[in-house]
Structure formats: C-alpha cells, structure tokens
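Construct the complete structure from the given sequences, taking the supplied hints into account.
So for the sequence shown, the numbering used here puts the first residue at 6; every next one is plus one.
By construction, these hints were calculated from the structure, which means they are not laboratory data.
Treat each hint with caution, since some may be false.
25 Å max Cα-Cα, derived DSS-like pairs, lysine-lysine [as the list claims (entries may be wrong)]:
#, residue 1, residue 2
1, K243, K90
2, K90, K76
3, K170, K76
4, K54, K243
5, K313, K170
6, K243, K76
7, K54, K76
8, K124, K90
9, K124, K76
10, K54, K124
11, K90, K170
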Amino acid sequence: MNISINIKNSLAIISIAISLLVSCSSETQFLEWRTEYFDQTQITKSVTKSFVFANSSSDGEQHIRAIAFDKGSNAVGHFKINSVKVGAVDVEPADIVVPPGSSLSVEITYSPRNLETTKASWGGWVTGHEERWIPKRIEDLEEESRNETSVIHRSLVIAVYDYPKEGYYYLQLVGEAEEGPNGEIELGGGSTSCEPGGNTACYNGGFAIDIPQLAPGGPKPMEVTGPVTFNVSGGSAKLRMDDFPNAIYYLRSEEVTQLPSGTTVTLVVSGTEGVEAEGTFDGSRITLSGVSFRIRAALGELSADQVKQGMAALIDFNVPDLTIETISPLSQGSITMRMETSLPQNPSGNDLFDQFLSGANVIAVMEGTLDF
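This is the structure we're talking about:
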C-alpha cells in the first residue's frame with residue numbers, strides 16, 4: 006500500500022474517538038467503526054476480500070435488519086458486494102439471523118472505475134475536496150506533494166442491528182487506484198475482467214446485434230472488450246450494467262446508404278451507469294429483467310482503446326427495461342442468450358440516425374461460454 010502513514014494515523018485517531026463514544030453509550034445500544042484496506046489496484050483489474058462479523062455469544066442469536074452501502078457512499082461504484090453469508094449459507098442482505106457462535110461474512114470486490122479521489126468527509130477524514138488555503142511550511146508542502154499522486158477511493162458499508170442490541174456497525178472500505186496496464190484512466194464500460202468462483206459467473210463469447218432498418222443482412226458480430234460478470238446465488242442472478250464491457254461495430258457508408266459517401270461511424274453499446282438487472286438462474290437458464298444499454302455513435306473508426314466514457318458522440322441514449330432470456334440452456338459450459346426490443350420514435354434526437362432508428366426492431370444475441 007502506498008497510502009500515506011499520516012492517513013493511517015488519522016484513521017487510528019478516528020477509531021479511538023469512536024471507541025470512546027461507544028464506551029459512553031447506552032448498554033443496550035452500540036456504534037462500531039472499522040476500516041479495511043484493499044491492495045493497490047489498476048483500472049480494469051479487481052481485488053476481492055471477505056469481511057467477517059462474528060457473533061461471539063454462546064447462547065444468543067443476533068438479528069441484522071440490513072447490510073448495504075451507506076446512502077451515496079458508493080455512487081461511482083468502485084466497490085461491489087458479491088455475497089452475504091451466515092456460516093457457509095448464502096442469505097439475502099436483509100432480515101439476517103446469525104446463530105450463537107456463528108458469523109456473518111460479506112464478500113466485497115474493489116474495481117476502481119476512475120482515477121478521481123472520492124469526495125468524502127465522514128469520520129473526520131476529508132478526501133477529494135479542495136482545502137482552504139493556509140500558509141504552510143516548505144517541508145509540509147513537500148510531504149503533501151509526495152502524497153498527491155495517490156488516488157484514494159472510499160465507501161461505507163453499514164450493518165444495522167436490532168437484537169439483542171440495537172446499533173450500527175460501519176465498515177469503511179479504502180482502496181488505492183492506479184492506471185491500467187495499457188494506460189487506462191477509467192473503466193465505465195471499457196475493458197473488464199472477471200474471475201469465476203464463489204458467486205461469480207463469467208460469460209465469454211460473442212455479442213451480435215441485428216437492426217434491420219440500420220444495417221440489413223442479419224446479426225452483426227460486435228467486438229467485445231472483455232467478459233460479462235454475472236452474480237449468481239441461491240437461484241437468483243444479477244448483472245451490474247456498469248460492469249458490462251464495450252461492444253463495438255463499424256457502420257460504413259457502403260452498407261448504410263444514409264451515411265455520406267466514404268463515412269465510417271463507430272457504434273458503441275455499453276451498460277447504462279448505475280443500473281443493476283435482476284432475475285433468476287436455475288442452473289441452466291439465466292433470465293434477467295431491467296437490463297439497460299447505452300448506445301453511442303462517434304464519427305470515424307475508433308479502436309477499443311479510443312472509446313472513452315466521455316468521448317464526443319453523434320448520438321448518446323439509453324435503451325432501458327430489456328429482458329435477457331436463455332434460448333439455448335447451459336450445456337458443457339456453452340450458453341446462448343437473447344434480447345429483443347423496439348425503439349421509440351426519435352430515440353437519439355439526431356435527425357440522420359433517427360430516420361432509421363425510429364421504431365426499429367433490435368435483437369441482440371450472446372452466444373458463448375459461462376464459467377463458474
């Protein structure tokens with residue numbers, strides 16, 4: 006870890022202060038605070054850790070009303086809760102019962118999405134905010150300069166207990182991000198990584214899109230920049246659209262006659278930020294509702310590395326409320342999934358594109374492998 010010693014000392018002071026607060030609180034209520042660090046992680050990479058909340062009582066169970074990210078503390082989505090377990094059993098993150106002598110474990114993945122330090126001021130530690138200028142000694146300025154290169158991401162997970170004692174357990178997550186292996190400075194639907202195991206299933210394979218009004222001739226295979234990560238647990242399945250890789254296709258005037266002669270347009274399909282699709286997985290079929298894609302088009306033939314989150318686009322709109330259905334069940338690792346929708350009138354707001362996108366039927370097919 007390259008996080009400065011000063012920061013760790015500050016957090017130690019915070020922890021002591023909260024411990025003093027707890028010692029002065031009611032015997033029937035409590036407040037706990039704990040900070041956990043993730044290893045320095047590159048953009049496009051991820052680190053997963055499990056955190057344990059033990060019930061040390063030998064004869065009394067614990068009731069946890071809910072465990073989740075504190076509101077607004079994970080807005081960018083650097084951290085993801087993969088699973089919640091009591092002992093070795095997966096449970097929902099609400100209305101949890103922890104038997105005496107057992108424990109609650111929470112598996113969390115840190116996948117830095119950008120190189121912007123989190124703006125936060127909880128626990129007496131301020132990050133990401135411009136400080137009011139005050140005169141400082143030269144040696145202090147030099148120390149701050151050495152620490153400025155650190156990109157710190159923070160979030161808070163809160164567990165709300167209601168029996169036998171009411172209280173809150175805050176788990177502060179701290180990660181440090183650095184550029185990706187190819188110089189990536191943001192994730193946002195770009196190159197992704199996926200490690201199968203536990204509750205994580207990784208789809209690798211094709212993504213083909215068919216928009217007859219735009220490019221007739223059947224489904225067009227798209228260049229996909231990474232695997233698709235599904236979270237599967239106890240018959241349920243989830244897909245964070247933030248984690249969906251870019252899928253790229255080139256529209257050329259030779260096949261799309263509405264485009265000016267000699268023109269190439271890069272079509273990019275990625276997941277809509279902040280959306281999570283949910284559904285079921287019965288061991289062979291995945292069904293998800295609430296799938297949402299972001300559709301962009303940029304002038305010219307852009308490589309995968311040139312497609313950025315904030316790139317200038319001719320069109321930029323979302324296609325929400327899609328459903329993923331399995332049309333060829335999982336067999337020997339292979340699976341085929343499908344989505345279909347009809348676009349509304351004038352979905353992009355661009356007259357050139359809306360002449361063939363308005364009301365268009367869109368079919369997407371994912372044919373590949375699913376690894377656990």
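Outcome of the hint check:
no. : hint        : in the structure
1   : K243 - K90  : holds (17 Å)
2   : K90 - K76   : holds (22 Å)
3   : K170 - K76  : holds (23 Å)
4   : K54 - K243  : holds (19 Å)
5   : K313 - K170 : violated (48 Å)
6   : K243 - K76  : holds (20 Å)
7   : K54 - K76   : holds (22 Å)
8   : K124 - K90  : violated (31 Å)
9   : K124 - K76  : holds (14 Å)
10  : K54 - K124  : holds (23 Å)
11  : K90 - K170  : holds (21 Å)
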